[in-house]
Structure formats: structure tokens, C-alpha cells
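Residue numbers (the working numbering), protein chains in the order written: chain D, 1 to 96; chain F, 1 to 96.
No wet-lab data here; the hints were simulated from the structure. Treat the hints loosely; a few may be bogus.
Since the list can't tell identical chains apart, any single copy or any two copies may satisfy a pair.
[Unchecked claim] Derived pair list, reagent style BS3-like, types lysine-lysine, alpha-carbon separation capped at 27 angstroms:
hint, residue 1, residue 2
1, 61, 88
2, 61, 34
3, 29, 61
4, 88, 34
5, 29, 88
Residue-level listing of the chains:
Protein chains: 2
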Amino acid sequence: MQLDTLFVTIVGSMAATLTTSSFVPQMVKAYRTKRMQDVSPYLMALFASGTTLWLAYGIFKSDWVIIIANALGTAFNLVLLYMKYAYKSSRLDEAR
Amino acid sequence: MQLDTLFVTIVGSMAATLTTSSFVPQMVKAYRTKRMQDVSPYLMALFASGTTLWLAYGIFKSDWVIIIANALGTAFNLVLLYMKYAYKSSRLDEAR
């Protein structure tokens, strides 16, 4: 692997790590506060649909960075979507 | 372009469209309700950092799908981060 190819691969891996891990603090915040009323369910639904297609794209291209990042991204967003509805039903009085 | 390459490109473009557009309903919801208390600022900060690196990755690879998707993704998340702080300061009584 050439040095410039290695550099580009490192930038891509860092990018994937940042975008995928960004959903972790949202899960932590939601778990702590048990509130997700201000979070749009379409954010998670569209994002999880998109990362599922990115996962297929990664499999076609045999690109492990894309496969791992998007498998995790899909899982995180499905968890958030579940939390959104779980916490909504336990706080009907505040539902918006 | 071969048929299977075209198919993979279409899957990638659909994936990029979905993950990038997922932040639009969040912006609409935040604008309407003027509330983003349940949204973690780290989600937008990490995501915008990640899409900035993805943008660099797209430029290195001369991949326009990656460039456009991540330029928009960065912009959307910076707007959301701005909204988070703009709405917080106007509702100090409810700040968490």
C-alpha cells in the first residue's frame, strides 16, 4: 500500500469512527433522561434505512470499514428508535 | 460502466441520500417546536467532524457522491448545533 493510499484510508477510518460513534452520546443521554421528545423519529428511521443500504454497498465493494461502520450505525439507530417509542409510552402526559 | 458497477453506484447514491436527508426532519421539528433539549450536542458535533473528514476523503477519491452528501451533512449538523444553543438560551428556565 502506497503512503498516500494509507493516508486516505486512515482519513476514511477516522471519518467512519466519528460519524458512527456520534450516536453513542445520544443513546447515553436518552437512557439517563428517559426523554426523546425533541428527537425526530424520522432522523433514526431514515438514517437506519440509509446505513442498511451503505452496508449492502460495503458488502458489494468488500470494504470492511464501510461494513463495520454501517452495521453499527444501523444497530445504534434502531436502538434509538426503540427508545423513542419506549419512553414516549411511559410519559403519555408529556407526549408531543 | 458495467451493469453491476452501475447497480452498486445506485445503491451508494440512495444510501447517501437517505443518511444525509435524515437530518432534515430534525431541523424541521426543531424549528417548529424551538426545543432541542433531548438532543445531545455531541451527536451533531461528532457527526459534523466525521462528515468533514468524509468530505476530505471524497475529495482525495474524486467521488462526487461522497463530496456532495458530506458537504450537506456537515452543513445540516452545524445548523442543528446552532439551533441547539439558540433555543437553549431562549429557554433558560427549562435548560437541562
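Cross-check of the supplied hints:
Proximity of residue 61 and residue 88 under a CA criterion of 27 angstroms is satisfied in neither setting, with 39 angstroms inside one chain copy and 43 angstroms between copies. Neither within a single protomer nor between protomers do residue 61 and residue 34 lie at most 27 angstroms apart by alpha-carbon distance, with minima of 39 angstroms and 42 angstroms respectively. With identical chains, the CA atoms of residue 29 and residue 61 are never at most 27 angstroms apart, being 35 angstroms at best within one copy and 36 angstroms at best between copies. For the identical chains of this complex, residue 88 and residue 34 are neighbours both inside a copy (9 angstroms) and across copies (19 angstroms), given an alpha-carbon limit of 27 angstroms.
Taking the closest pair of Cα atoms, residue 29 and residue 88 come within 27 angstroms of each other both inside a single copy (15 angstroms) and across two copies (16 angstroms).
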